[in-house]
Amino acid sequence: MSTDRIEKNVLLRAPRDRVWQAITDATRFGTWFGVELDGPFVAGSRVGGRIVPTRVDPEVAAMQKPYTGMAFECTVDRIEPMDRFSFRWHPFAVEPGVDYSGEPTTLVTFELEDAAGGTRLRITESGFDKIPLERRAKAFAANDGGWTKQAELIAKYLAS
Amino acid sequence: MRRSRASTAEKLVDAAPVFAALGDATRLRIVARLCAAGPQSIVRLTDGAQVTRQAITKHLHALAEAGLVRSTRAGRERIWEIQPRRLTDASRYLEQISAHWDEAIGRLRAMVEDEE
Numbered sequence: 001m002s003t004d005r006i007e008k009n010v011l012l013r014a015p016r017d018r019v020w021q022a023i024t025d026a027t028r029f030g031t032w033f034g035v036e037l038d039g040p041f042v043a044g045s046r047v048g049g050r051i052v053p054t055r056v057d058p059e060v061a062a063m064q065k066p067y068t069g070m071a072f073e074c075t076v077d078r079i080e081p082m083d084r085f086s087f088r089w090h091p092f093a094v095e096p097g098v099d100y101s102g103e104p105t106t107l108v109t110f111e112l113e114d115a116a117g118g119t120r121l122r123i124t125e126s127g128f129d130k131i132p133l134e135r136r137a138k139a140f141a142a143n144d145g146g147w148t149k150q151a152e153l154i155a156k157y158l159a160s
Numbered sequence: 001m002r003r004s005r006a007s008t009a010e011k012l013v014d015a016a017p018v019f020a021a022l023g024d025a026t027r028l029r030i031v032a033r034l035c036a037a038g039p040q041s042i043v044r045l046t047d048g049a050q051v052t053r054q055a056i057t058k059h060l061h062a063l064a065e066a067g068l069v070r071s072t073r074a075g076r077e078r079i080w081e082i083q084p085r086r087l088t089d090a091s092r093y094l095e096q097i098s099a100h101w102d103e104a105i106g107r108l109r110a111m112v113e114d115e116e
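Protein sequences appear in the order of chains A and B.
For what it's worth, my numbering labels the leading residue of the first sequence as 1, then goes sequentially.
For what it's worth, my numbering labels the leading residue of the second sequence as 1, then goes sequentially.
Bound conformation, chain A alone (with noise of 0.2 Å):
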């Protein structure tokens, strides 16, 4: 059971410039992220915005309606065009009224390899271990519920 790290492996049924594209052109990322950003991602820059409501599901949006209009931040580490984009950020840094600014970053990393059918995407963070260990317990009991119901939602969208 590791502690520190996510990765999530993906074959999507597109192009691998299409992905490339929905990941790293800002706009097109805030599309699917559910973020609208000041500017464009740029190697070694940090870039802000502010989390706005997904429209996959009324209920769905509902329970991210707290979150609407909250800042987001992340600074990008690497541009490898059409391989490999990379930023740092604070976790799902969402909770009301948390000055999230003096805790560890984790490292998201994006990487696209041409696969049968489309391409594949292998997204890993890590760097959950330096987070602090209340912070790591807070955010799981404040968030208690929520997010394991948007996954079922999700799902069932997803399925229909």
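No wet-lab data here; the hints were simulated from the structure.
Some hints here could point you the wrong way.
Unchecked claim - Example chain A residues on the side facing chain B (calculated, C-beta under 10 Å, incomplete):
1) Ser2
2) Thr31
3) Thr119
Source: prediction; values computed, not measured.
We put the beta carbon where it would ideally sit given N, CA and C, even for glycine.
Could you slot chain B onto chain A? The hints should help.
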């Protein structure tokens, strides 16, 4: 999200020692072993371990304080076992972030696969 503040605060106080207790390689190994092999005595837990029985005992008490394991007396021995609920709590932070990514990937998929 819909929980009362009192309940959230209780859970916070509750959970921090769990992370601390698991932040040690020997203790993680003990937990893994109890998970895989079921309830065991200290003698069996020490068998094949690189540390002394006294050290294992100390770690077991630390894990017990965090509510991760408990012991019962069986004759002259003490049998240690996992308390599964607390372990589940400790892994939930990553599970939540993981679920968050699944949700985001679902939206990314819908976006890139729908465009022709």
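For this session: Find the hints from earlier in the document that the structure breaks and name them by number, from lowest to highest.
Result: No hint contradicted; all consistent.
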